[in-house]
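Using the sequences and the hints given, assemble the complete structure.
Here the first sequence stands for residues 1 to 376, where the numbers follow the UniProt record's numbering.
If you're looking for bench data, these hints aren't it; they were derived computationally from the structure. Just so you know, these numbers come straight off a predicted model, no measurement behind them. Possibly wrong hints are sitting among the right ones.
Below, in silico cross-link-like pairs of lysine-lysine (BS3-like), each with a Cα-Cα straight-line distance of 30 Å or less [claimed, not checked]: (1) Lys-322 - Lys-224; (2) Lys-322 - Lys-220; (3) Lys-220 - Lys-190.
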Amino acid sequence: MPRPDPHREPRSELRREPRRAHALREAPGGRHDPGVTRWVLHVDLDQFLAAVEQRRHPELAGRPVVVGGNGDPASRTVVATASYEAREFGVHSGMPMRLAARRCPQAVFLPADNPAYEAASEEVMAVLRGFAVVVEVIGWDEAFLQWDGDDPEALAAEVRAEVRARTGLSCATGIGDNTLRAKMATAFAKPGGVHRITAGNWFATFGTEPTGVLHGIGTKTERKLAELCIHTVAQLAESSPTAVGERLGPRMGPYYVSLGRGMGRTEMEATPWVPRSRSRETTFDVNLENWTAVLAEIRVLSARVSGDVEAEGRDVARVGVKVRYAPFLTRTRSLTLPAPTRDPAVLEAAALEVAGWFPHDRPVRLLGVRAEFTPA
DNA sequence: TCTGGGGTCCTAGGACCC
DNA sequence: TCTGGGGTCCTAGGACCC
Numbered sequence: 001m002p003r004p005d006p007h008r009e010p011r012s013e014l015r016r017e018p019r020r021a022h023a024l025r026e027a028p029g030g031r032h033d034p035g036v037t038r039w040v041l042h043v044d045l046d047q048f049l050a051a052v053e054q055r056r057h058p059e060l061a062g063r064p065v066v067v068g069g070n071g072d073p074a075s076r077t078v079v080a081t082a083s084y085e086a087r088e089f090g091v092h093s094g095m096p097m098r099l100a101a102r103r104c105p106q107a108v109f110l111p112a113d114n115p116a117y118e119a120a121s122e123e124v125m126a127v128l129r130g131f132a133v134v135v136e137v138i139g140w141d142e143a144f145l146q147w148d149g150d151d152p153e154a155l156a157a158e159v160r161a162e163v164r165a166r167t168g169l170s171c172a173t174g175i176g177d178n179t180l181r182a183k184m185a186t187a188f189a190k191p192g193g194v195h196r197i198t199a200g201n202w203f204a205t206f207g208t209e210p211t212g213v214l215h216g217i218g219t220k221t222e223r224k225l226a227e228l229c230i231h232t233v234a235q236l237a238e239s240s241p242t243a244v245g246e247r248l249g250p251r252m253g254p255y256y257v258s259l260g261r262g263m264g265r266t267e268m269e270a271t272p273w274v275p276r277s278r279s280r281e282t283t284f285d286v287n288l289e290n291w292t293a294v295l296a297e298i299r300v301l302s303a304r305v306s307g308d309v310e311a312e313g314r315d316v317a318r319v320g321v322k323v324r325y326a327p328f329l330t331r332t333r334s335l336t337l338p339a340p341t342r343d344p345a346v347l348e349a350a351a352l353e354v355a356g357w358f359p360h361d362r363p364v365r366l367l368g369v370r371a372e373f374t375p376a
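Pasting the structure below:
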């Protein structure tokens with residue numbers, strides 16, 4: 001049973017789900033025209049970052065490539081994406097670069113070039129929008145397609161061929177009768193294939209699997225569910241939403257039960273995502289020992305965030321600072337601005353003020369600055 | 001396996017007001 | 001003087017995802 005790769009590129013969609021719990025119920029048809037079925041396709045690019053690098057550096061094709069951080073395998077960063085060749089050596093996303101270098105010293109280590117990946121992602125999304133489908137982008141390398149028709153495998157094959165022809169990139173496609181099942185199907189489709197999961201084979205596929213296989217349930221939640229004697233997907237599906245809610249929260253509890261039942265959305269949202277916040281953070285290869293250095297770094301991060309805010313062209317309502325002390329104790333503080341602004345001087349002053357609230361007396365491993373926008 | 005960077009949303013407690 | 005309940009805002013932390 002392939003467990004989905006826990007780390008891949010940005011832009012989460014999971015946390016948008018609970019709010020829409022009312023919409024999680026199967027659409028009262030999913031069938032608008034008789035004989036035509038609503039399908040969701042989850043298109044997921046294979047080893048995206050590594051593939052983009054291999055595409056622009058053809059000499060890297062077929063070689064182990066590891067993308068992450070600043071590309072220095074000795075630095076305190078982790079692997080963002082490993083090519084399939086590198087995965088053969090046990091290198092995978094989320095692994096410390098140092099360990100990756102030990103497992104696969106002959107790999108080519110490259111720094112993450114986010115603008116390049118954003119551009120490549122846009123190329124792919126443009127191809128997807130060329131089909132008669134509703135496209136919901138959920139990350140650099142992922143999108144849901146909503147489509148009413150009879151042969152989703154045929155559509156998936158067309159999509160894959162077109163993406164390959166127009167961008168040189170390979171993708172896998174999960175097919176489902178909702179977002180969750182499509183997404184979960186993709187794990188079986190990788191790399192480059194197609195797999196279909198619907199209400200008809202949901203429990204046959206996942207019923208006896210641990211709850212942690214579900215997209216949206218991590219190790220912490222899996223453990224809490226186990227304390228309620230809920231171990232498998234089928235057991236979760238049969239659980240009382242209110243009982244689970246008493247333990248895991250009034251929204252999340254019922255949401256988890258719905259996941260066990262394989263529920264998901266059937267309507268995609270094509271309108272572009274509006275970011276809620278922008279943040280920048282840095283982990284230092286050598287911990288910062290003095291507070292003057294900390295404040296200097298806060299200024300640097302604040303300026304980067306201000307640049308992002310300016311590019312976004314929206315006002316900031318709140319400024320937050322994150323401090324991770326050695327060895328790994330993380331604290332966050334934040335402040336609502338007296339009035340929304342995008343003035344870099346005001347944002348910097350706020351970040352410095354918040355930073356001043358933290359204990360000054362321990363080595364600092366990471367600093368971060370975050371700006372939260374006023375609601376659009 | 002000493003654990004990145006960039007995000008989203010939920011939860012819960014306290015402040016404050018009516 | 002003491003008490004209530006509800007609503008909203010602010011804040012810190014937690015969990016999860018790519």
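Verification of the hints:
At roughly 27 Å between alpha-carbon atoms, Lys-322 and Lys-224 fall within 30 Å of each other, so this suggested pair holds. For the hint pairing Lys-322 with Lys-220, the CA-to-CA distance comes to about 22 Å; that is within 30 Å, so the pair holds. In summary, the hint linking Lys-220 to Lys-190 is supported, as the alpha carbons are separated by about 27 Å, within the 30 Å threshold.
Consistency with the previously given hints is maintained throughout, with no hint failing.
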